[in-house]
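Protein chains: 2
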Amino acid sequence: MQNFVFENPTKIIFGKGSIARIGAEVKRFGTRVLMVYGMGSVRASGVYEQVLNSLKEAGVDVVELPGVKSNPLLSRAKEGIALARSNQVDAVLAVGGGSVIDTAKTIAAGAMADHDPWEFFVYTKTVKSALPVLVVLTLSASASEMNAAAVITRDDTLQKFSVRSPLIQPKTSILDPEALYTVTPSYTAYSAVDIITHMLEGYFTNTEPGESPLQDRMVYAFMRTLMEATEKSLANPRDYDARANFMWSGTLAFNGLTTAGMGVVGFPVHMIEHSLSALYDIAHGAGLSIVLPGWMSWSSAKRPARFARLAREFFGVDRSDDARAAVEGINRLTAWFRSIKSPVTLKEGGIPEGDIERIADNAVELAKTWKLKDYTKEVIVEVLQHCR
Amino acid sequence: MQNFVFENPTKIIFGKGSIARIGAEVKRFGTRVLMVYGMGSVRASGVYEQVLNSLKEAGVDVVELPGVKSNPLLSRAKEGIALARSNQVDAVLAVGGGSVIDTAKTIAAGAMADHDPWEFFVYTKTVKSALPVLVVLTLSASASEMNAAAVITRDDTLQKFSVRSPLIQPKTSILDPEALYTVTPSYTAYSAVDIITHMLEGYFTNTEPGESPLQDRMVYAFMRTLMEATEKSLANPRDYDARANFMWSGTLAFNGLTTAGMGVVGFPVHMIEHSLSALYDIAHGAGLSIVLPGWMSWSSAKRPARFARLAREFFGVDRSDDARAAVEGINRLTAWFRSIKSPVTLKEGGIPEGDIERIADNAVELAKTWKLKDYTKEVIVEVLQHCR
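Sequences listed follow chains A and B, in order.
Mapped onto my numbering, the consecutive letters of the first sequence carry residue numbers 1 to 388.
Mapped onto my numbering, the consecutive letters of the second sequence carry residue numbers 1 to 388.
Bound conformation, chain A alone (with noise of 0.2 angstroms):
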């Protein structure tokens, strides 16, 4: 096991009935908090409704940013820094999935910073202070809701970039399964394409195959849980345990737990998805099940053993040679992101695949800046051939 610091404070709340709980979490920090939202659909499950009663008994002032899309832009942080400022509050409220909680993020850095908040992303300033984000989640998949990162777009460029700060993790995260009850079946699958990626790049860290044990399996029983309730529901999106079971696994799937003692995790499958989704608005996850399965293919050819490895123990590949259990592996559970209706081509995704080099183009910045130097352009351009 590799060296590691593991440090999670998030107070999460969860389950039926904890969104009333939300207005008694903001007051602990004062009594003006900014409400951050998306496009209308936390009114249509009435999870709006119960949050803004929640915070009237509470007595806490409300100012409105609603309307962040997602693949979120840093201009809309930009209006939610003017609105924090303007009306000096205490905190600040995302209730939404990761596009609002990352835009909710952004603001509660940007507001305490006397510079463009863009300078966090290509990490020529760090976060001195923020004020303290809260969320009530509606969307599970990028488990921003228990981490200390946060993604945004920049509309000129298209670069989506991240940061990462223990000033902005949320500080309570209240996460009530009944409010996914009205997550269409794609975000449903997109989502779980998310968590899914999240754990097996911190899994395929590992090179050697037998040396993280502990972690390995944390993945299998957080990937085997979110592959059921998964199925379950997308057969009925009122199952309460599938979606309680959805939830929670998502969240501890990115929460710093399965990569603990794995060293430094490289996220080249995000990366290049990153550009997907900025150069053609696809969903994160649409990008993602497209990308991962290529990436599994383009990596094993060069290390089969860990990838062997996944096949063996959590799909139940019984073959011996690592070469051809690897390809099985891969091969299942790109049937089953097919069997969950999500994109394993950039075909299927609507992607051109004349577009190659642009993507290429674009990702190789984000390389740069997250340091995989083992990504150039032209090696980026080999992994989006086997995405075909």
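The hints are simulated quantities; they were obtained by calculation from the structure and are not laboratory data.
Among the hints, a few may not be true.
For identical chains, the list gives no copy identity; a pair is met inside one copy or between any two copies.
For lysine-lysine, the following DSSO-like pairs were computed, each having C-alpha atoms within a straight-line distance of at most 27 angstroms [to be verified]:
#1 Lys373 to Lys27
#2 Lys377 to Lys341
#3 Lys27 to Lys128
#4 Lys371 to Lys16
#5 Lys371 to Lys125
#6 Lys302 to Lys11
#7 Lys128 to Lys368
#8 Lys11 to Lys27
#9 Lys27 to Lys171
#10 Lys171 to Lys341
#11 Lys302 to Lys171
#12 Lys56 to Lys125
#13 Lys69 to Lys171
#14 Lys373 to Lys302
#15 Lys171 to Lys128
#16 Lys302 to Lys347
Computed from a predicted model, the values in this text were never measured in an experiment.
Knowing the structure of chain A, use the given hints to seat chain B on it.
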């Protein structure tokens, strides 16, 4: 899944060489610390010197409370409270295992209270404030390094009771697997039993099969890793990866993760064992390997389904009849305890079978405090008869 709140802010610094970081961690809270430790093993292992060097380098003054025994006594904690007050320390540092940590927690709360600290343990007072607690772990078993609980034995009545408060949860715990190299084979075994019991008491809280797939799988993941790591540590006490996997699974086993969503967890096995170790000064883990199989056998006779599930899913028992599967699973666990040389009957633990009534008289007091209302004296006698 049941509703739950999960919040665990302890900072874990894990790995080789990490003890050198304790000085800087203590320094976050002040310049004077009460260092609590045990009977000399920290000197023999070299940990004592590493800790003192790090504190010295950070400019922290040290007051020492040595000599804490296993099944730690309230009287020793009271000495610590007096020392903490007279020296006006800023924090309490435990260098040891569960007994030392729990003594440090009791001191931390007691030093800020104007009443007998025993009142915390009989629930007539709650912890209102506490000195910060920090830990350098030298024995993995209690998971006290990452939870809010402390267990203390009152000298005159031999009551072994517990308290829980977020205020006494460690701020930072340093886990260096090399500190386990000198743990004896018997204490390695007893620790493994303790860790397994923590998980299984939560596991058996769920009386219906099939409702907690995520928590069940976490239990299997941690338990499998721990059992492998125990065997490897017994074979080679200086196997770093084995000690590392032991150490981190031991912490994860009882930091709230495996029980979140399982409802109210009762600890009848710990409750009964506390009487064994309070009355006979047997190691806690040795007591548990006597009580756990007996309790499982007594309990599974009434509701075999859950015990059959463990047998099938964890031990690979292939029997369709629940009652028979349950018995087979209990036999496998008992055989494993035997294989690591932990006692599995009262007699093997050196406890007179004729004392069952006396043990039950002691245990029933704790049953009342812990609100385990089904555990009357008669029931406890019945369970103990299964431990012969």
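Next on the checklist: Regarding Lys377 and Lys341, is the shortest C-alpha distance of 27 angstroms or less found within a copy, between copies, in both, or in neither?
Outcome noted: For Lys377 and Lys341, the Cα distance exceeds 27 angstroms both inside one copy (30 angstroms) and across copies (58 angstroms).
Checklist entry - Are the CA atoms of Lys171 and Lys128 at most 27 angstroms apart within a copy, between copies, both, or neither? => result Classified as both: same-chain Cα gap 17 angstroms, cross-chain 22 angstroms, threshold 27 angstroms.
Next on the checklist: One pair to classify: Lys302 and Lys171, alpha carbons no more than 27 angstroms apart. Within, between, both, or neither?
Outcome noted: So Lys302 and Lys171 fail the 27 angstroms test inside a copy (42 angstroms) and across (43 angstroms) alike.
Item to check | Copy assignment of Lys27 with Lys128, given that the CA separation must stay at most 27 angstroms | outcome: both (23 angstroms within a copy, 21 angstroms between copies)
Checklist entry - Given identical chains, is Lys56 near Lys125, meaning Cα to Cα at most 27 angstroms, within a copy, between copies, both, or neither? => result neither (37 angstroms within a copy, 34 angstroms between copies)
Item to check | Lys371 and Lys16: within-copy, between-copy, both or neither at 27 angstroms Cα | outcome: between (42 angstroms within a copy, 26 angstroms between copies)
Item to check | 27 angstroms Cα threshold - placement of Lys11 relative to Lys302 | outcome: Result: close neither inside a copy nor across copies, 42 angstroms intra and 37 angstroms inter.
Checklist entry - Is it within, between, both, or neither for Lys11 and Lys27, if the alpha carbons may be no more than 27 angstroms apart? => result The answer is both: 15 angstroms in one copy and 26 angstroms across copies each meet 27 angstroms.
Next on the checklist: Treating 27 angstroms as the Cα threshold, decide for Lys27 and Lys171: within, between, both or neither.
Outcome noted: Result: close both inside a copy and across copies, 12 angstroms intra and 24 angstroms inter.
Item to check | Alpha-carbon proximity context of Lys373 and Lys302, limit 27 angstroms | outcome: within (17 angstroms within a copy, 61 angstroms between copies)
Checklist entry - Between the shortest in-copy and the shortest cross-copy C-alpha distance, which are at most 27 angstroms for Lys69 and Lys171: within, between, both, or neither? => result Classified as within: same-chain Cα gap 23 angstroms, cross-chain 38 angstroms, threshold 27 angstroms.
Checklist entry - Is it within, between, both or neither when you check Lys371 against Lys125 at 27 angstroms Cα-Cα? => result within (17 angstroms within a copy, 53 angstroms between copies)
Of the hints listed earlier, those the structure fails to meet are numbers 1, 2, 6, 10, 11, 12, in rising order.
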